[in-house]
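Chains as they are written, first to last, in my numbering: chain D, 1 to 425; chain S, 1 to 169; chain F, 1 to 89.
Among the hints, erroneous ones may be present.
Claimed, not checked - A short, non-exhaustive set of chain D residues, derived as facing chain S with CB atoms under 7 Å:
#1 ALA193
#2 GLY194
#3 LYS197
#4 GLY222
#5 SER223
#6 ILE224
#7 VAL227
#8 VAL328
#9 GLY355
#10 PRO356
#11 ALA357
#12 MET359
#13 ALA362
#14 ASP363
#15 GLU366
Hints listed in this document are in silico derivations from the structure and should not be mistaken for laboratory results.
The C-beta atom is built at its ideal place from N, Cα and C for all residues, glycine as well.
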Amino acid sequence: MTATLPETAHEQTDKYARLIQPTRVHGSLYTDPEIFAEELEHIWYRTWVYVGHVSEVPEPGDYVRKNIGPQDVVMTRDRDGEVHLLLNRCAHRGNLVCDAPSGNSNSFRCPYHGWTYRNNGDLLGYPYNKGYGGKGKLALGLGRIPRVASHQGFVFGSFAPDGPTLAEHLGAAAGELDRLARLSPEGEVELTAGWLKHRTRANWKLLAENETDGYHPQFVHGSIFSVTGSPIGALYSDNSTAVTRDLGGGHSENDLRPEFRRFAEPMRWFGTTEDRVPDYVARMRELHGPAAEEILIEGSPHVMIFPNLFIAEIQLFVIQPLSVGECVQHSTAVQFKGAPELNRRMVSQCVGSVGPAGMLLADDTEMYERNQRGVALRDPEWVDIRRGVERERADENGFRIGTATDETGMRGFWSHYRNLMEAEK
Amino acid sequence: MTAAATPTALDLRQVEQFLYREARHADEHDYDAWEALWTDDALYWVPAGTPDGDSVQRMSVISDNRSRIATRLKQLRTGKRYSQSPPSNLRRIVSNVEILDDADGARESGDITVAANFVLVESRERGNETWAGRTTYRLRVVDEQIRLAYKKVVLVNHDRALPTLAFLI
Amino acid sequence: MTETETDTGIETESGTKSLTGTVGSEFAEVAVSIDTAANGPRLRLEDRRTGRVRYLDALELETLVWLPDGDLRRLLDPSAHRWHDDAGS
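Next up, chain D with everything else stripped away, as it sits in the complex (with noise of 0.2 Å):
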């Protein structure tokens, strides 16, 4: 850094520097709400986020209502078959547009003055024209979110006209969702099961961090794994050959794969066996041939894709800040085309874990909550991230790996975030 740069920079620069530290973050960080409204411009409002699935809006004309953060969005797909985000706000008064969850309509009417829109967004038009002089006198529109892209139909938006690409912003992650799409028969992910929304007390950056938590599960879901005899605590214990995978771009994964091939049995990673779900593993078998395997063997990721999107196998969950302590956990079953054997029992199982009741989300979420309560107390005033520092190594691809219950990739989201958080606006 040089001298010419302006007091505000350096400031800035140093503040980040001094609240993330590479084995300890500070509280504030979760608790100030300046430092939100900054991540809001740095993070948010500029690098890729995760807003929706192409299967949310299968046809022409339908839209669904989205959001990136505190930002109401419409995503919508127009009659050529593109998908655009659009933000819910009038141009003329600023009012929201639509107010239904989902529909289909290929434009939309303002309630308030009748203002309408294309479903990209274009103006289509306003009554009484001669107001403004006549028909198409106004060079004006529903706001985009500028760059939009997709990868295995995952829809991502950023507000930065330009930037890092999304196939560069996902990096080793998009791996993780092509893992997850050869799980159908069909090569497609659907998320058509419906959400459920949890209100949750808690900074997201502590969701974030939990995803790949492999340190606490035994703990927190030990009520549930005693009950069930579930075989999900043993993934992460010290004797699990699981490792934590810091995917680079602030996005980390916990792999069980080694853990599944070491059992060798396909549908093990979905807690059940080939003869439960003979229907998928057959077409599977029928369109892989002997690589059907591998695929039924490892099953699927368990990732955290940087800032907002977190797979856990058969879960999906989509993380909305609201507030520096307030945010909404959405989340929903995988489905896979042409597995509908599969896909009920997904439902099942996910309704079961996840959401306001779920049994496994329910205690994760009241961790979240103490968690942000604690985070606010004087001292100590720092969170520890060190855990596996010492026994962190390179894997053959050259990204950093612990042991299933190393804070790896909590180094790697507070790394990515640092960068973010320095970065020139």
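Given chain D, work out where chains S and F should sit, using these hints.
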């Protein structure tokens, strides 16, 4: 079948007494007594999004068959279900109780369908939550005891983001 | 698309249709139904003679209701859209 065991012989007062007892067991976390109310073909359902959706193919807040009710209660009994450890302090008012005789399928199976409104205050360290909604019950007389075959709770805010709901609603 | 007539409507690959019927004359024949395969209901119109399909959403239908006869007459001019010099069919 005796007159007492004939479902249609249940009068509103008997039905209300049953609903109040069920509510009290839930409020007081009396898991054994609450569990004993259920029939084997039970469905305990709290829909999300569209309340008239599908309890099997769509995401629900709760969609428990009898076996999953048992699992949920076992988890609560461990004392390590942290979202209910310590348990929430709860009190609910059940009101507007009506016996509905036109509900789909209920009459055929001999069950009677009852609907009621409720308001519930939950207190825990996080703060107070007010819960409200409409509950549809299907009741069945088994060995001269009223039992619960179905409980569907449609929260007034079922389509909004809900806080943690780990107690028995 | 394979279709099976039923009492309640027509089952198709894309979704269930209800209120099916045909509006026909000696000049044109259009199958009409309400399609529920999308995120909301929409009117499905199929030109029986060519198989061409158009969907109309509620706002578009309301607009048609309010379309002045003169505008509709202009659309009916055979050279307006379909049989003009550089269009087929």
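For which of the previously enumerated hints does the structure constitute a violation, in increasing order of number?
none
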